[in-house]
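Asker: Residue strings, one per chain:
There are 4 protein chains.
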Amino acid sequence: MPTLSHNSYGKSDVRLTKVVRKGARHELFEITANIQIDGDFAAAYTAGDNRNCVATDTMKNFVYVKAKEFSFDAVEQFAVILAEQLLKTYPQISRATAELQQTTWRRIAIDGKQHDHAFAGGGDSQKRYARAAATRGGATELTGGIRGLVVLKTTASEWRDFHTDRHRTLKDTSDRIMATSIDADWPFAAPTGHDFDACTDAITGAMLAQFAMKHSLGVQQTIVHMGEGALAACDAITSISFTLPNLHRIPFNLEPFGLKFENDIFVATDEPYGLIKGTITREPAK
Amino acid sequence: MPTLSHNSYGKSDVRLTKVVRKGARHELFEITANIQIDGDFAAAYTAGDNRNCVATDTMKNFVYVKAKEFSFDAVEQFAVILAEQLLKTYPQISRATAELQQTTWRRIAIDGKQHDHAFAGGGDSQKRYARAAATRGGATELTGGIRGLVVLKTTASEWRDFHTDRHRTLKDTSDRIMATSIDADWPFAAPTGHDFDACTDAITGAMLAQFAMKHSLGVQQTIVHMGEGALAACDAITSISFTLPNLHRIPFNLEPFGLKFENDIFVATDEPYGLIKGTITREPAK
Amino acid sequence: MPTLSHNSYGKSDVRLTKVVRKGARHELFEITANIQIDGDFAAAYTAGDNRNCVATDTMKNFVYVKAKEFSFDAVEQFAVILAEQLLKTYPQISRATAELQQTTWRRIAIDGKQHDHAFAGGGDSQKRYARAAATRGGATELTGGIRGLVVLKTTASEWRDFHTDRHRTLKDTSDRIMATSIDADWPFAAPTGHDFDACTDAITGAMLAQFAMKHSLGVQQTIVHMGEGALAACDAITSISFTLPNLHRIPFNLEPFGLKFENDIFVATDEPYGLIKGTITREPAK
Amino acid sequence: MPTLSHNSYGKSDVRLTKVVRKGARHELFEITANIQIDGDFAAAYTAGDNRNCVATDTMKNFVYVKAKEFSFDAVEQFAVILAEQLLKTYPQISRATAELQQTTWRRIAIDGKQHDHAFAGGGDSQKRYARAAATRGGATELTGGIRGLVVLKTTASEWRDFHTDRHRTLKDTSDRIMATSIDADWPFAAPTGHDFDACTDAITGAMLAQFAMKHSLGVQQTIVHMGEGALAACDAITSISFTLPNLHRIPFNLEPFGLKFENDIFVATDEPYGLIKGTITREPAK
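Protein chains in written order, with numbering that gives the first Met the number 0: chain A, 0 to 285; chain B, 0 to 285; chain C, 0 to 285; chain D, 0 to 285.
Just so you know, not all the hints are guaranteed correct.
Given that identical chains are not distinguished, each listed pair holds provided it fits within a single copy or across any two copies.
Stated by the list, open to error - Heads up, simulated BS3-like pairs for lysine-lysine below, C-alpha to C-alpha not over 25 Å straight-line:
(1) 259 - 170
(2) 213 - 87
(3) 170 - 17
Hint data in this document are derived by calculation from the structure and do not stem from the laboratory.
Predicted model, so just to flag it, every value in this text is computed and none were measured.
Using the sequences provided together with the hints, build the complete structure.
Answerer: Right under this line is the structure:
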């Protein structure tokens, strides 16, 4: 007799815009939320008994209503609000996770002065990330992060002396382009009490500086460089995890055309791509 | 002193086409592979010592070389080959995972006869999925599955009597369109010894039949219907997990235009969407 | 003094689902509409005078309302209805274009019998296309078509004896994989009076047969093969235009691995891609 | 007897990275090129006679070779080089079009100082655009532009007093969010002799300033504002054409939840969207 061994459900891609007016100056939050809940919902699966089920449409409303009812200065705070309020509002929920991405906007500058209510950016590139998970009887877990911070350096990067066997064809190089799109997650020691904007700026700045300044022997090593920089830049986080695609730039073979190789003309490719992961932790496991 | 607490890496989106010629009749495999490995690679991260590192470019070659060296009839077999051969070839690897998606092609029919070497399909819709994970000292774990099997029924689906509170605005309905894109994973009891094409056909056929024939009180209930059907259709699998987005079709409000509501005109939306998950297991945990 | 030399506007990605119930048997139309209009709208641009402007939100409503008010059997008919009704309803419009794509669904088969109200497919692959343009004082122009019909043949395709110069590196091949995603447009001689489903089936069938059966010396030649087949298959169309990306399958170089080349292992690539266009007309220009 | 009434072909998505080293300081160009040619190619279509055909693979090589052989400071220059060199190199070509998009990178700043060889950005957002078309016996036509410059203002935008009829449901608003993704094309009076970076900065700056500073009665009016600003900012261009999707932000209905409407909580939607086009020309047609 088959049984339902796991279930959860939620609402994804809830796209919220919130404008906070501080006099003439407007703050803009654009956030996409994914909500997922665990709890006492098995009857909906096994018997079509939906009485406990919070409809995903209701969850969508919940996101907008809480955005209206609560003030927040950072996407991390709103993630905590959503997760904890879900748990508080619905006794049938045992675990609520709110995963948010915030679009990056910058104020339009006119003659060097930032505009009060006009913004540019807002595209598909770099986003801020926050995930909060609330459970009954435990502290809410909060993770901050970044998605899609694309970086490239044209030199000071090598890839050589790696494992050689029958399947290897790639040659050693002591000067290559290294490019990646940084996805990083950093758990906070506590879900409140931080200046999240300052943390994000410090961590991102440290990652960029390490990426730019440190000579790299591989994406793997750069992960440790960036991770150490991030942990040093912000005391509030306990570790940092990276998922880095290698955005390959392959030297174009100029030889057939009688042209000299000077490491300056490259083919950019998306497929296939190396995918390198690593977690740097502040304290070693004891 | 920060430490590296986790690491793994691999190659993603390795796109392989293999043609197997059986006389005039050609078999076509189009597979996108993601390879990920764990093992003795910390030195690359912490010291830039890459001597143990199998370059992701080497892994890419590995996929094509093994596709040439080995015969296989199904994507599940090739996943097992890749994972096990990686482990066998490279002692520094402790765990190798091969995650494959196979594009669906059908033979072009001319006057009712299937063509020997011409195919149609091959787009972004329904794909076959296989994932094999090989570790030292244990049996290889194999999971089959499907990605993006889009289905819709225009009636015999309800969504009513769900939880009501202040945040609910959605009304009960006893006749709605239900649509989803089925992602399903089914672990096999053993990594070999199955007719994988027959399994996939039986499971997919059972899911489609359950979706079409069973009256639905919610996506949650349909998951159990499809899961029970799948487990009954194929003895080789031990459970089945679903991740189903609700592809909403919302009745268009005709009232402002003086037109009668007859449940026939709908707005299709992608955002936001319900996301429903569930796992059905053959034997209850003891 | 700058002037407004051209203007037009409209609504894109209006996603309509219509269910037509013929007893227990349901017909399903899923159509994405792009509407664009020209007319007396300059004042909105130059003076912010919107009195003539039909809001794009109104256009969206228009699509759903006409879907309710009118019966149609094919997406081509609905394109004509939309374009002509826009012109009839709004005197300030001089030209209305309705460009529609219809998602492909097939009935789920249970024991060989097509189900009355359950469908599969509906993904991102092959879509049916129609575009109608209505103007005052002229006949409505109607174009049918197809988008994203992906095809591949594993042999009977060559690419050789092409232009050689200093920039060429590609070698001749007399046996390659040819694959493409067919976008084709076929203008109808008249906007009404055709069995559009039969036309589309005949044209698509002819294209597939030509693709499969005719030996190809290049995508260019295959365009003519398919175009001639299409024109012969359906008298109602006056020409057919193709836009074909070359979905390259490049032989993987097995030589470094000591393996024999047998033209069976390929790398599938999306970038860069050849893009081949051609129009075949029934009657030569006089 | 069907005839080939039109043909052209080319290579799309040729992705070039070029690094120009000026001592320690590196300049980075990342460009995606689409090449399309017309000429004496009918025999390839009608007879499979490819002798005149420049393979699209050869065109791909051509892009990389010319990137190596020629110096350029701006993507507009490289578009002109490619189009004119194609015409010069291949007598069978009658018209060559090079359409380029350049990814936006900014130097990483460390302690306020721009780094010599490390960059961030490079994502899917704002790109610079250039298109050059060269024909025998005429001047090369050059168009500059921008793609995907996303902007949003939280106030100083209205949408009211537009056409009312039976199909209208949208209410007037005198304070809404206006957001769009600017695609703009600006033809240059001559293909050479301009400081293209300065032109682009001036035009883009003027568009942003107009967007931010001018009160808007509709996207249509904002097109004229931005167009007039652009033409005033750069003498080298003769007109400017806009294609602006309306990135709708729809007030969330808070009434069912007993919350006060304060125009601060919005739903962001992608589908459907208004699409507004307009061209502003420096001199009126005579």
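Asker: Tell me the hint numbers this structure goes against, listed in increasing order.
Answerer: As far as the earlier hints go, only 2 is violated by this structure.
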